[in-house]
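Trainee: So you can see what is in the structure, the chains are spelled out below.
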Amino acid sequence: MITKQKLVYCRPTLCSGCRICANACAVAHDGVANPRLGRIAIHQNLLERYEFQELCRHCEDAPCIDACMVGCIEEDEGTGIITNDDRCVGCWMCVMVCPYGGMRRDLAKQVAIKCDQCKDLSGPVCVDVCPNGALVYKEREDARVEPFFAGPTVA
Amino acid sequence: MGIGSGTRCEYAIVGNSAAAIGAIESIRKIDRDGGITVVSNERHHVYSRPLIAHYLAGEVQEERMAYRPADFYERYNVETRFGLNVTRIDADGQNLILDDGSTLHYHRLLISTGSKAMRPPLKGTDLEGVGIFQTYDDARQIVSRFATDTKAVVIGAGLIGLRAAYGLQERGAEVSVVELLPRVLSRVLDARGSHLVQSILEKGGIRVLTGRSVAEISGRNGEVRGLILDNGATLECRIVIIATGVVPNVDLVKDTIIKVNRGIPVNQFFQTNVSNIFAAGDVAETFDIPRAGGMVNANWPNAHEQGRYAGLCMAGKMVQYPGSLGMNAVSLYNIPIVSLGIFDPESEGINQVDVKIRANLEQNIYQKLVFRDNRLKGAIFIGDLGYCGAVKDLIQDQSLVGIIKDSILEEKYQLYAFLRKKRQEKVEGKDVEWPETYSSPQRYQKSFNEESWTERERDERPWH
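Protein chains in written order, with the numbering used here: chain A, 1 to 155; chain B, 1 to 464.
Certain hints may be false.
[Stated by the list, open to error] The calculated SDA-like cross-link candidates involving lysine to any residue, where the alpha carbons are at most 20 Å apart (straight line), are: (1) A:Lys109 <-> B:Lys116; (2) A:Lys109 <-> B:Gly58; (3) B:Lys422 <-> A:Lys109; (4) B:Lys421 <-> A:Lys109; (5) A:Lys138 <-> A:Pro12; (6) B:Lys116 <-> B:Gly93.
[Claimed, not checked] According to the in silico footprint, chain A covers these stretches of chain B (three or more CB under 8 Å from chain A): (7) 327-341; (8) 383-390.
The set of hints was computed from the structure by calculation and includes no laboratory data. A virtual CB, placed ideally from N, CA and C, is assigned to each residue, including glycine.
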């Protein structure tokens, strides 16, 4: 059962759209500084002056797990972190169903990439590098529903 | 129909694909010790049917075909009866009669038999080298017959047909596609999108013959050698794949008390008209959200989701299913193609629609949104996926999007403001604690204010 899962939250009023988070993410995962390969994406338009952050919410009953036809998107039962692995064939089913834009596309390799909350490192690098403190790593608020273990019931 | 307290609940599942796996996983979330038995006519460990086209292309190797790890059934304590067909459902006695003569008692039954491929009444379909393209065995048979510089023909230019053609070409074959209808992907795209995809295929080297039917498949010594079209032309080939469409596989429930329409109609808890028999996946006829009526939506995401909900309901946690949505995603020559909901309102006879299109055919980009009553009903994305996940979400919850009609495809500020408001709690949190130094740096107004929107809607206040 998942308790006290942490999530990356963003504070849009503090975001300046510098994309340092996306760069750091790509460096941590792929070793290249390319914001397009970041698991977090920042949309910025200087004329209309907005920044918009897309990041994985590690949903309960995640639609990407439903959609993945390869079965390579998996949820860790202990931590609730949803990851995908290298079996991805780039069918874009997960991209089609993710309402948060959390599934990103690696166009060079033609595979989907997604946030794994840097589970092999000490914490999400995007939070560490954000110069404005616009990203926060804290306990999730929409607490996951505890599964109830009942005996078989009568329909 | 009920079972006594203290008795172990016996679940039976017919079929072993997305819906069945979704059901197993969610039954085990609630009922840890009920007996689950899976009956399937295929002998393989669970694999992904859409992936066989990638297997044919050589992108995916045999050891990577499994949809779930090898110890899945042990881990979930599931009994498997593979290689067996169900001959009859005895709904009164709650038994399944299998074709090896054994019976299987159940308290809850899930029918997730999926689709079956249609076989047109053609001469020569029994020749060696002619086959349908639906199961792993079909794909393996084609691969085993493969020699380089093979000529191949795919009959039917639907999603399965085109994926098969693409897979064959990746493996090195010279492929032609024959389609009876005047355009390719007629169930997935509208006319303009189809023509774009056809030009992409032809540029890629696949020969597409539309508006042509096959008169006969000819062969020598029991092996396929060629194909004769209705205009008398012949196509030389060694492999023929028949992909003329799929229908829900309702053979099992025909002439039983279970009602059959196009598929098996189910209620919001996936019950058929027999309350302890459930149906999910490509065989089930569920509530379709944009069409607001019963519809068989056969695709992988729906099947797994429906299986998940059906499993919860089978185990006694009655969770309402909001409804399904027709959706398809495929990638041909690294060009992504997505279609959602009602993408072609004219062909379905739906009027009073508002259509927004963004097209750049030179760059293989075509995007289309279909609105009705200020609600999104369908979409097509070719080449540039844009923000199709958010669009799918807007179709699924049928929220009013009249004020952002123009800004979805352009990805303007209005779309982002709308989405931000919609998901503020999820993305930004209710009460995020901030370091004191960053308190209230109100640089500019970013809020989503309906009053100003309506003013702008009436063109009383221009955008700056």
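Trainee: A separate judgement is required for each hint: does it hold in the structure or not?
Mentor: Here's how the hints hold up against the structure:
1. A:Lys109 <-> B:Lys116: violated, 34 Å
2. A:Lys109 <-> B:Gly58: Within the cut-off at roughly 16 Å; holds.
3. B:Lys422 <-> A:Lys109: violated, 33 Å
4. B:Lys421 <-> A:Lys109: violated, 34 Å
5. A:Lys138 <-> A:Pro12: Distance ~16 Å between A:Lys138 and A:Pro12 Cα, so the pair holds.
6. B:Lys116 <-> B:Gly93: violated, 28 Å
7. 327-341: holds (count 8)
8. 383-390: holds (count 5)
The structure fails hints 1, 3, 4, 6 (numbered hints given earlier, in ascending order).
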